[in-house]
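S.K.: Sequence:
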Amino acid sequence: MATPGEAAPGDARGPTAAAATDCPGWARRVAGGAGKGQAGRVRQLAEGDGRLVRALPVLLVVVGFVFDASTPPDLTAAALFAGAPVAAAPFYSARGTAFVGLGSLVAVVALWFIHDLPNLGEGSSELFTVLTVGALALVINRILRRSGEQLASQRVIAETAQRAVLPTPAARIGGLDVAARYEAAQADAFIGGDLFAVQDTPYGVRLIVGDVRGKGLQAVEAVAVVIGAFREAAEQESSLEAVTQRLERALAREGTRRDRLDAVEGFTTALLAEIPRGDGTVRLVNRGHPEPFMLRADGSLDMLVPSEPALPLGMADLGVWPDRADVRPFPPGATLLLYTDGLSEARDGSGVFYDPGTRLRGAIFPGPEEVLDALVDDVRRYTGGGSNDDMALLAVARPAEGQPQRRRTVKIVK
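Each residue of the sequence shown is one higher than the last, beginning at 8 in my numbering.
Because the hints were derived from the structure by calculation, they are not lab data. Since the structure is predicted, the reported quantities are computational estimates derived from the model, not experimental observations. Any given hint could turn out to be false.
[Unchecked claim] For each label pair, taking beta carbons as the anchor points, the in silico distance ranges come out as:
#1 L109 to A86: 14 to 20 Å
#2 S245 to D309: 25 to 31 Å
#3 P97 to G358: 33 to 39 Å
#4 V312 to P97: 38 to 44 Å
#5 A249 to V312: 42 to 48 Å
#6 V65 to R153: 40 to 46 Å
#7 P336 to S357: 35 to 41 Å
#8 G155 to G364: 40 to 46 Å
#9 P209 to F360: 36 to 42 Å
#10 P80 to S357: 52 to 58 Å
Yeah, the Cβ is synthetic: ideal placement off N, Cα and C, and Gly gets one too.
Work the whole structure out from these sequences, hints included.
M.R.: What follows is the structure in structure tokens.
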């Protein structure tokens with residue numbers, strides 16, 4: 008991590024305009040838009056590998072034909088001709104797989120005439136082998152296509168369920184700039200137990216970030232219970248402590264209804280926050296969750312450690328004590344960063360945990376979206392690809408006086 012530069016005293020540009028020069032290298036690249044370059048390079052490599060794999064069946068037929076035609080008749084490339092339709096089956100359509108098999112058959116017959124074989128017995132055996140393997144390749148293609156359709160359907164259902172439970176919050180809520188991100192540990196995976204929600208209420212902007220123990224559909228069900236209870240309680244309860252107790256009771260009811268606590272994944276770590284209007288503070292209740300960070304406009308950073316540790320939600324049987332919210336300053340220009348343990352427990356090749364505090368200290372960002380872009384990009388580099396656990400990130404910024412309202416722009420393609 009490069010040592011960040013210090014903003015010049017009295018810099019009239021302010022933290023937003025100065026971000027391009029005062030960020031560490033990795034943060035500056037993301038703030039400037041270059042952070043997406045790594046994802047683009049990965050995508051280009053993946054596309055290149057995909058093209059090579061799709062070209063492989065044709066290459067097998069061509070190489071086999073050239074090899075067989077240029078060598079004595081006792082050296083045969085039958086294995087390459089037979090392997091071509093099998094290689095095509097997972098990636099080609101049924102028609103494409105059939106064409107590859109037909110190409111192998113044509114190549115075998117053509118080689119008979121090239122070698123002017125007087126005895127076609129051996130050639131007929133080779134032709135029968137290629138024909139049989141080609142038929143098996145069509146069967147494999149059919150099975151894979153049906154499995155792929157089922158998997159695609161399951162992914163659509165999973166993605167729809169995830170987005171219904173965890174909708175992306177608006178970019179501006181209650182005068183605050185908001186950004187959220189859900190990063191699954193596995194590619195194309197949408198189901199997980201991490202959660203976040205932001206809601207504007209009569210008592211200020213209230214938000215939650217949590218992590219349900221477990222994975223799969225049961226974890227999503229537990230997430231739905233927690234999010235549903237939070238949205239209802241956030242509107243009705245006058246204190247953040249009362250909201251937390253509503254979540255505790257909701258999990259207890261769900262566990263009783265299902266006759267076993269594990270049906271809702273046992274427990275949920277959660278961090279609840281309330282940002283009242285106009286007083287420059289944030290109130291926090293931490294139930295066994297990783298401590299959030301307050302990123303200030305000058306690049307300094309504070310970890311908001313709870314004054315009294317508490318058990319996660321759903322563990323009331325092990326101990327009960329009243330929740331007490333901690334009140335912390337939330338000055339203009341600062342950003343509150345909440346996250347799940349997928350961020351803090353990410354490891355590099357040596358098994359060393361990722362330390363978001365050390366990585367972020369001294370960095371200045373134009374807004375919360377850039378904070379999350381920088382973190383996701385940095386974690387990918389640090390771990391060599393991504394975290395081993397799902398990662399939910401939520402950043403909320405209080406705009407400084409005179410700072411223009413941030414707007415999401417959409418590129419118009421003519």
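S.K.: Take a look at whether the Cβ-Cβ distance between V65 and R153 falls inside 40 to 46 Å.
M.R.: Roughly 25 Å apart at Cβ, these two residues miss the hinted range, so it is violated.
S.K.: Regarding L109 and A86, is the given constraint of 14 to 20 Å on their beta-carbon distance met?
M.R.: 18 Å, holds
S.K.: Between P336 and S357, does the beta-carbon spacing fit 35 to 41 Å?
M.R.: At roughly 37 Å between Cβ atoms, S357 and P336 fall inside 35 to 41 Å, so the hint holds.
S.K.: That 38 to 44 Å hint for V312 and P97 (C-beta), does it hold up?
M.R.: This hint is violated: roughly 51 Å between Cβ atoms.
S.K.: Can you tell me whether the CB distance of P80 to S357 sits inside 52 to 58 Å?
M.R.: Roughly 57 Å apart at Cβ, these two residues keep to the hinted range, so it holds.
S.K.: Within 40 to 46 Å or not, the Cβ separation of G155 and G364?
M.R.: Hint holds: Cβ distance 43 Å, inside 40 to 46 Å.
S.K.: Could you see if the CB distance from P209 to F360 stays within 36 to 42 Å?
M.R.: Given about 40 Å between the Cβ atoms, the range holds.
S.K.: May I ask you to test the hint 42 to 48 Å on the CB atoms belonging to A249 and V312?
M.R.: 23 Å, violated
S.K.: Please check whether P97 and G358 have a Cβ separation lying inside 33 to 39 Å.
M.R.: 35 Å, holds
S.K.: Holds or violated: the 25 to 31 Å window for the beta-carbon distance between S245 and D309?
M.R.: Holds - the Cβ-Cβ distance for S245 and D309, about 28 Å, lies within 25 to 31 Å.
Violation of the numbered hints given earlier is confined to hints 4, 5, 6; the remaining hints are satisfied by the structure.
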